[in-house]
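Q: Kindly produce the complete structure, drawing on both the sequences and the hints.
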Amino acid sequence: MIDRIDLYPTHEHGSFRLRRGRPFPLGVTMMPGKAVNFSVYSANATACTLVLFEPGARTPYAEIPFPEEFRTGDVFAMMVFDLDPEDLEYGFKMDGPWAPHKGQRFDPDIVLLDPYARLVVGRDVWGKEPDAYDPYPMRSRILRDDFDWEDDRPPKVPIEDLVIYEMHVRGFTQHASSNVKHPGTYAGIREKIPYFKELGINCIELMPVTEFDEFEYPRYNPVTGERLLNYWGYSPVAFFAVKAGYAATGYLGMQSDEFKALVKELHANDIEVFLDMVYNHTNEGNENGPTTSFRGLDNATYYMLDQNGYYKNYSGTGNTLNCNHPVVREMIIDSLRYWVSEYHIDGFRFDLASIMGRDQDGTPLKNPPLIEALAFDPLLKHTKLIAEAWDAGGLYQVGTFPSYGRWAEWNGKYRSIMRRWVRGDFGVIGEVAQRLVGSPDLYGERGPTASINFITAHDGFTLRDLFSYNDKHNEANGEGNRDGGNDNDSWNCGVEGETDDPEINDLRVRMMKNAMTLLFVSHGVPMIRMGDEYGHTSLGNNNTYCQDNELSWFNWSLIEHNQEIWHFFRKLIAIRMTYPILRHSDMLTSYQFVGTDCPFISWHGADAWHVDWEGWNRSLGLMLCGREQSTARLNKIYIAMNMHDEPLSMDLPENRFTRRWHLMINTGVRGPGDAMEIGQEHLLTDQAHIHLEPRSIVVLVAK
Amino acid sequence: MEIETQERDGVIVLRLTGSIDSSSAEEVGKTLDQHLAANTSVLINMAEVEFLSSAGLRQLLLTQRKADEVGATIAVSSIQKHIAEVMSVTGFLGFFQTFDTEDDALANLG
Chain X
0 MIDRIDLYPT
10 HEHGSFRLRR
20 GRPFPLGVTM
30 MPGKAVNFSV
40 YSANATACTL
50 VLFEPGARTP
60 YAEIPFPEEF
70 RTGDVFAMMV
80 FDLDPEDLEY
90 GFKMDGPWAP
100 HKGQRFDPDI
110 VLLDPYARLV
120 VGRDVWGKEP
130 DAYDPYPMRS
140 RILRDDFDWE
150 DDRPPKVPIE
160 DLVIYEMHVR
170 GFTQHASSNV
180 KHPGTYAGIR
190 EKIPYFKELG
200 INCIELMPVT
210 EFDEFEYPRY
220 NPVTGERLLN
230 YWGYSPVAFF
240 AVKAGYAATG
250 YLGMQSDEFK
260 ALVKELHAND
270 IEVFLDMVYN
280 HTNEGNENGP
290 TTSFRGLDNA
300 TYYMLDQNGY
310 YKNYSGTGNT
320 LNCNHPVVRE
330 MIIDSLRYWV
340 SEYHIDGFRF
350 DLASIMGRDQ
360 DGTPLKNPPL
370 IEALAFDPLL
380 KHTKLIAEAW
390 DAGGLYQVGT
400 FPSYGRWAEW
410 NGKYRSIMRR
420 WVRGDFGVIG
430 EVAQRLVGSP
440 DLYGERGPTA
450 SINFITAHDG
460 FTLRDLFSYN
470 DKHNEANGEG
480 NRDGGNDNDS
490 WNCGVEGETD
500 DPEINDLRVR
510 MMKNAMTLLF
520 VSHGVPMIRM
530 GDEYGHTSLG
540 NNNTYCQDNE
550 LSWFNWSLIE
560 HNQEIWHFFR
570 KLIAIRMTYP
580 ILRHSDMLTS
590 YQFVGTDCPF
600 ISWHGADAWH
610 VDWEGWNRSL
620 GLMLCGREQS
630 TARLNKIYIA
640 MNMHDEPLSM
650 DLPENRFTRR
660 WHLMINTGVR
670 GPGDAMEIGQ
680 EHLLTDQAHI
690 HLEPRSIVVL
700 VAK
Chain P
0 MEIETQERDG
10 VIVLRLTGSI
20 DSSSAEEVGK
30 TLDQHLAANT
40 SVLINMAEVE
50 FLSSAGLRQL
60 LLTQRKADEV
70 GATIAVSSIQ
80 KHIAEVMSVT
90 GFLGFFQTFD
100 TEDDALANLG
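Chains X and P are the protein sequences, given in the same order.
Sequence positions in the first sequence follow numbering that gives the first Met the number 0 and run 0 to 702.
Sequence positions in the second sequence follow numbering that gives the first Met the number 0 and run 0 to 109.
The hints are simulated quantities; they were obtained by calculation from the structure and are not laboratory data.
A quick note: this is a predicted structure, and the numbers were derived from the prediction, not measured.
Worth double-checking, as some hints may not be accurate.
Unchecked claim - List time: in silico DSS-like cross-link candidates among lysine-lysine, alpha-carbon distance up to 30 Å:
{"id": "1", "chain 1": "P", "residue 1": "K65", "chain 2": "X", "residue 2": "K263"}
{"id": "2", "chain 1": "X", "residue 1": "K33", "chain 2": "P", "residue 2": "K65"}
{"id": "3", "chain 1": "P", "residue 1": "K65", "chain 2": "X", "residue 2": "K127"}
What the hints assert, rightly or not - Computed footprint of chain X on chain P, listed as stretches where at least three residues anywhere in the stretch have a Cβ under 8 Å from a Cβ of chain X:
{"id": "4", "segment": "13-24"}
{"id": "5", "segment": "45-54"}
{"id": "6", "segment": "90-98"}
Even glycine gets a Cβ: it sits at the ideal position worked out from N, Cα and C.
A: If you want it as C-alpha cells, here you go:
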C-alpha cells in the first residue's frame with residue numbers, strides 16, 4: 000500500500016512543523032508518519048492555541064497558535080509533526096470575549112482539557128494531595144486505543160435475566176479485609192470476579208468511572224477533621240477518559256488497559272459491565288466554580304444559561320449540560336459509542352436522565368433528539384440503556400420517560416412502595432400488586448424489562464440502615480445534615496441505630512430478607528447495592544458521596560460474620576435464575592391461562608382466590624404459573640406475604656395431579672431454614688394452609 | 000537502553016538494560032526483529048529493565064506477534080516484580096511465555 004500524499008508539513012511555528020488538520024474526528028488522532036492531529040470545537044472563540052507540556056512539567060514547552068486558515072467553521076484542526084505521543088501532555092487555550100451576560104467566559108490564560116481527551120492526568124493516584132500551586136492541574140494525554148481484545152464477545156445476557164450489582168470501584172476492595180494485591184482499583188475487582196460468580200451476579204454497574212477530581216470539595220468532617228473527598232465521582236471533568244486514580248497503573252497512564260483487561264475478564268466469565276454516566280452536569284459548577292474545560296471552550300454551547308448568562312441548575316450541582324444542543328448531543332453520542340466500541344461496555348445507567356430530555360431552554364421535550372438518537376444508534380443497538388428518569392429540576396418521568404421501545408428506567412416508584420409495604424404501611428397493597436408483576440400501570444406496553452427494580456441504591460440508606468434508622472444521620476458530611484434525601488420510607492424497628500436488643504436485630508434481619516425476597520420474585524430487572532448482601536451499614540448516613548472510609552467500603556470480613564444474610568441472597572438469586580416464570584419478559588396477566596385452570600397471575604388472600612384489596616389489608620398471596628419455553632415444564636410459584644405484625648394462616652391454592660407445594664423461602668425463621676438450596680425444597684406436610692410468622696414472606700414451588 | 004546479545008544452548012538471549020519507553024522502544028523492536036526467523040528461539044532477559052512504559056509494552060507485544068508470524072519462539076525471563084505486576088493488571092502478561100530466570104527459560108526452550 001502506498002502512503003497518503005498529504006502527510007507532509009506545510010507550515011512552521013518555531014521548530015514545529017505543521018499542517019492544516021482534519022476536523023473530524025474531534026480530539027486527537029495519531030496519523031501515519033508521526034503526525035498528531037488535534038481538533039477542537041468552539042463557536043464563539045476568536046483564536047485557539049495548542050499548549051504542549053512535557054509530562055509533569057509545570058510550564059508548557061510550546062504554545063502553538065492555530066493559524067486562521069486551520070479553522071473550518073467552528074472547528075480548529077491542526078497536525079503537528081514529530082511529536083512523541085507518549086511523552087506529551089496537552090491542552091488548549093481559547094481566546095474570545097469575556098461577556099458573562101452573553102454567556103461567554105473566555106480566558107486566554109487558562110489551559111483547558113480537550114473535551115475528547117481519552118486520558119487525563121492530574122489525579123493519577125487516588126487521594127494524592129494535588130499541588131495547589133500548579134497553574135494547570137489537569138491535562139489531556141494521548142491514548143493508544145489498541146488494546147488487544149482477542150475474541151472478546153459481549154455476554155449479551157437477555158435483560159430479563161440480569162442481576163445488576165451496583166458498585167463503587169474503589170469501595171469494593173479498598174478495605175484491608177479484601178486481601179487483594181491492588182486495593183481500590185480495577186485490578187482489585189478483577190481479582191474478585193469469583194465472588195460475583197459465587198453470589199450469582201451477572202452484571203456489575205460501576206458508579207462513575209469517567210475522570211473526576213476527588214479534591215473538588217474543600218470540606219472536612221466536622222467531628223473527626225478528616226478531609227472529605229468526592230468519593231462517588233458524580234462530577235465528570237471529561238467524558239471519554241477513564242478515572243486514573245482507580246487504576247493500579249494510573250501513575251503510568253495505563254488506566255485504560257487496566258480497565259479493559261477487567262472488562263475482558265468479566266466478559267469471559269459471562270458478566271456484563273454497565274457504567275453510570277453523568278451527562279447532566281460537569282465539575283465546573285456555577286459562576287464560582289473552576290474552569291477546566293467546557294466553560295472556557297465555549298460556555299454558551301455546553302451549558303444551559305438564562306437570559307442574563309447565569310447557569311440554569313436542573314442538576315442541583317450548579318450547572319446543567321446543554322444536552323440537546325446539536326454539538327453537545329454529538330459529543331455525548333460520540334462518547335457512548337466510544338465506550339461501547341473501545342471499552343466493550345454492555346450498558347449504561349444515565350444519572351438524572353430527564354435532563355437529557357430537556358430543550359436548550361430547559362423545557363421538557365416530548366421527542367428529545369438525544370434520547371431518540373441513542374435509542375436508534377447503530378453501535379448501541381445491543382447496549383442496555385437505563386434512565387434515572389427524573390432530575391433535580393422537578394421533572395419526574397418514571398413510567399413516562401421517552402423510551403422508543405429501547406430505554407429502561409430506574410423504577411423509583413417500586414423502591415418507595417416496597418419499602419412502605421415491608422415496614423407495614425397501610426394503603427399500599429394495590430400498588431404493591433402492580434410493582435410485583437412488572438408495573439403494568441407504568442410499563443404496560445413496554446413490558447416488565449423496562450422496569451429496573453430496586454429497593455436500595457447508592458443514593459439513600461443501605462438495606463440494613465433502611466430498617467435501622469427512621470432518619471438520616473449525615474453529620475459526617477459537613478453540611479449540617481441538610482444533604483441527602485428525606486423521603487426514605489425507612490423504619491428503625493424500635494431503636495434508632497445500632498442496638499444489642501436481640502429481638503430488634505432479629506426483626507431487622509427479617510425485614511432485610513423480606514425486602515430482598517420481594518425484589519427477586521418481582522417481574523422486572525433486579526438491582527442490588529454493593530454490600531447489602533452482607534448487611535452493610537453506613538451508620539445512618541444516606542448520602543455517603545464524600546465518605547472515602549469504612550462507612551462506604553465493602554467489608555469482606557463481614558460476609559463470614561453475617562453469613563445468614565449472605566447465603567439468603569445467594570439462594571434467592573439461584574431461585575430466580577432457576578424459574579423463568581420469575582423473569583418473564585412479557586407482561587403477564589390474570590386472564591391468560593396455562594392449560595385450563597392456572598392463570599399466569601393470580602391473587603390470593605387468607606382465602607385462596609380471594610383478596611381484600613382494602614387499604615387496611617397487609618397480606619397478599621401471588622401465584623405465578625407458566626411453562627418454560629424450552630422444556631414446556633410447568634413453573635408454579637406461590638408467594639405469600641404477611642406484612643402485618645401478627646401471625647397469619649393463609650389457604651393455599653390446590654395443586655392438580657401429583658404436584659405438591661414445597662417450601663423455598665421462609666423469612667419468618669432464622670437461617671439456614673430461611674432459604675433452601677435448589678433441589679432441596681421442603682415438602683409441606685399441610686398442603687392446604689401455610690402459617691406465616693409476623694412480618695414474613697414464604698415462597699413455595701409446586702413440584 | 001543497552002542490549003547485550005549472546006547465544007546459549009541454541010537460544011538467542013537478549014539482555015536488556017534500562018527503560019523501555021517511547022524513546023527506546025523502536026530500537027528494542029529493531030534489534031529483536033533481526034533475530035526473528037523460523038525455528039529460532041529468542042529469550043528476552045528483562046532482569047535489568049527498571050521501567051516499561053505503555054509504548055514499551057506494546058513494542059514487546061508487537062515483537063511477539065511478529066515471532067508468531069515467522070514461526071519463531073519468544074520467551075521473556077527475569078521480569079522485575081513491579082513490572083510483571085503492571086503487565087499482569089493491564090492484561091499483557093498472558094500474551095507472553097515467561098520464566099523466572101534465564102536458566103529456567105533455557106531449560107524449557109533449548
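Q: Flag every earlier hint the structure violates by its number, smallest first.
A: The structure conflicts with hint 3 only, although it agrees with all the remaining ones.
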